[in-house]
Amino acid sequence: MPAYLRLELRRLARDGGYLMASLVVPVAIYLFLGQGSHGDLVQNLVGTAGFGALGVVVTNGTSIAEDRSRGWLRLLRLTPLSPLDVVVARGLCAMVLAVLPIALISLLGAFYKHVPLGAGEWVATLLALWFGIAPLALLGLSVGYLCEARMAQVVGTLVYVGLSLLGGLFVGLDSFPGWLRALAKFNPVYGYGEFTRKVGEGGAPPALSTFVLLAWTAAFAALAAFAYRRSGRYS
Amino acid sequence: MTKSAVSEAVATDAGAPAVSCEDLVKSFGRVEAVRGVRFAVRPGETVAVLGPNGAGKSTTVHMMLGLFPPDAGSIELFGMAPEKAVRAGRVGAMLQEGQLVPRVTVGELVGFVAGTYGSQAPAVPHTLELAQIADLAGRRVDKLSGGQMQRVRFALALAGGARLVVLDEPTAALDVESRRQLWKAMRDYAAKGNTVVFTTHYLEEADDNADRIIVIAKGQVIADGPAEEIKKAAGGRTVAFRHEDQDPDELAALPGVNEVKVLHGRVVLTTTDSDATVAALAGAGLPMRDLEVAGADLEDAFVALTSASAEGGAG
Chain A
1 MPAYLRLELR
11 RLARDGGYLM
21 ASLVVPVAIY
31 LFLGQGSHGD
41 LVQNLVGTAG
51 FGALGVVVTN
61 GTSIAEDRSR
71 GWLRLLRLTP
81 LSPLDVVVAR
91 GLCAMVLAVL
101 PIALISLLGA
111 FYKHVPLGAG
121 EWVATLLALW
131 FGIAPLALLG
141 LSVGYLCEAR
151 MAQVVGTLVY
161 VGLSLLGGLF
171 VGLDSFPGWL
181 RALAKFNPVY
191 GYGEFTRKVG
201 EGGAPPALST
211 FVLLAWTAAF
221 AALAAFAYRR
231 SGRYS
Chain B
1 MTKSAVSEAV
11 ATDAGAPAVS
21 CEDLVKSFGR
31 VEAVRGVRFA
41 VRPGETVAVL
51 GPNGAGKSTT
61 VHMMLGLFPP
71 DAGSIELFGM
81 APEKAVRAGR
91 VGAMLQEGQL
101 VPRVTVGELV
111 GFVAGTYGSQ
121 APAVPHTLEL
131 AQIADLAGRR
141 VDKLSGGQMQ
151 RVRFALALAG
161 GARLVVLDEP
171 TAALDVESRR
181 QLWKAMRDYA
191 AKGNTVVFTT
201 HYLEEADDNA
211 DRIIVIAKGQ
221 VIADGPAEEI
231 KKAAGGRTVA
241 FRHEDQDPDE
251 LAALPGVNEV
261 KVLHGRVVLT
271 TTDSDATVAA
281 LAGAGLPMRD
291 LEVAGADLED
301 AFVALTSASA
311 EGGAG
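Protein chains in written order, with UniProt numbering: chain A, 1 to 235; chain B, 1 to 315.
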């Protein structure tokens, strides 16, 4: 599995265009967002870093559909490599990729925007940003295994943009109508943002969003396992 | 996916056939792709699975490799379920379709696949050499021509040093010289005691490169044996000479003759034993100017065999 993970990471490292493109939007958004209160500064940092991380874990997933259409998944299946190792390595790829936007936005936050977080708060924020993206990485894998290549792109974009907007990553939920606000609380991206903000502000992990994140992790892990098994029959 | 306790227990593959297909059946929707295919391959054999497009060759190969299960029937490779044999590193495979994954070099890809087989894999440069792609080692696989890609896929099948290599239409998209090289590499690989199963619809490839030919048409095995035997089954050889005043009945009575035809001023005898036929012709003092003896080529054999099966005959 380490050999497979290395190969996939090497492939990613050679995809400079993709890596740049996946960083440009969150960085641009972050630079355009104005300064504000302490709360706004943390909100903007978490919102854009989370948005960037979401983008790369979703596209990592949808690229699986492309790999399948090229026969790569089938080729892997014909080697002694364990199928589970392949899925796990792809999930780890997503987690490695997520480091890039999180690190870049955080560096900008610390040294350019001067987000006033203490060292402990920074560590907590970074860890929350990183671990919290895991359920969405699983969702990305599911989309990649469930959909054909072009469909995966569309679904991936819908997930990326839709969940970000409805999850209040940029705009607080206050501007939403009541029913949407109630619904948003169960959005995994809302849970992700809320969890990270609270933890970043030095608070205890909020119960509801912790629960929402854990529940979605379980649900998306099950979905990814199902999607992977289903795709095995056709790959 | 449910494996019986019995097949689980047969972990040893000593003496087991390299491939054993029992009455395989597979349908896709209402299309019956494979309808009762049954054959076995002994370790060390090189077997061609020959048939026209749509005969069910690829479906059979995919099931052999455990890519999807048969609707009915069973497959074992070295006495194991296919997925298990693949996981155990017993199988190297080359499938037809699919480009290669972008942004890796030929050397990296072959090295990676070899690595998944552990210590049994031969050195990567050796495999690259064998597949005639040593000069491409540093090239990105997505920047290769179709023929080069085909050779890379062949290298991937050999990279693990597996005892069974399965090649689905390995020479599609290759030019004549590359084809020749690929078959030579394949024969070298087989000569080391490995088992090779390949599909083809190039008839002379089956004839030239396999110990045995399994002819598949319409999802069924219609012939299985050495190339010579298959040609014989389909009418053997032809003896032709100028048409003069020979008596057709006398010709038909000659030893070995199945059929007498007159075409463009020439008599064409189809015979199962051309030596005996020619000897008898000479013995009877029949005129046979411009004598030609030819093996019915596999193409003829193939057409005869497939049309026989199409007529629904039990034979």
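No wet-lab data here; the hints were simulated from the structure. The beta carbon of each residue, even a glycine, is placed where N, CA and C say it ideally should be. A portion of the hints provided could be inaccurate.
[As the list claims (entries may be wrong)] What the simulated footprint calls covered on chain A by chain B, stretch by stretch (three residues with Cβ under 8 Å from a Cβ of chain B suffice, anywhere in the stretch; the number is not a length):
hint, region
1, 6 to 19
2, 72 to 80
[To be verified] Label pairs and their in silico Cβ distance ranges:
hint, chain 1, residue 1, chain 2, residue 2, range
3, A, Ala182, B, Gly146, 54 to 64 Å
4, A, Ala225, B, Gln181, 15 to 25 Å
5, B, Ala137, A, Ser69, 22 to 32 Å
6, A, Arg230, B, Ala134, 54 to 64 Å
7, B, Pro122, A, Ser69, 44 to 54 Å
8, B, Ala40, A, Arg10, 54 to 64 Å
9, A, Arg10, B, Phe68, 51 to 61 Å
[What the hints assert, rightly or not] Selected chain A positions facing chain B (Cβ under 10 Å, derived; list incomplete):
hint, residue
10, Ala3
11, Asp67
12, Ser69
13, Pro83
Hints, one by one, checked against the model:
no., hint, result
1, 6 to 19, "holds (count 5)"
2, 72 to 80, "holds (count 7)"
3, Ala182/A <-> Gly146/B: 54 to 64 Å, "holds, 56 Å"
4, Ala225/A <-> Gln181/B: 15 to 25 Å, "violated, 44 Å"
5, Ala137/B <-> Ser69/A: 22 to 32 Å, "holds, 26 Å"
6, Arg230/A <-> Ala134/B: 54 to 64 Å, "violated, 40 Å"
7, Pro122/B <-> Ser69/A: 44 to 54 Å, "violated, 31 Å"
8, Ala40/B <-> Arg10/A: 54 to 64 Å, "violated, 42 Å"
9, Arg10/A <-> Phe68/B: 51 to 61 Å, "violated, 31 Å"
10, Ala3, "holds, 5 Å"
11, Asp67, "holds, 6 Å"
12, Ser69, "holds, 8 Å"
13, Pro83, "holds, 9 Å"
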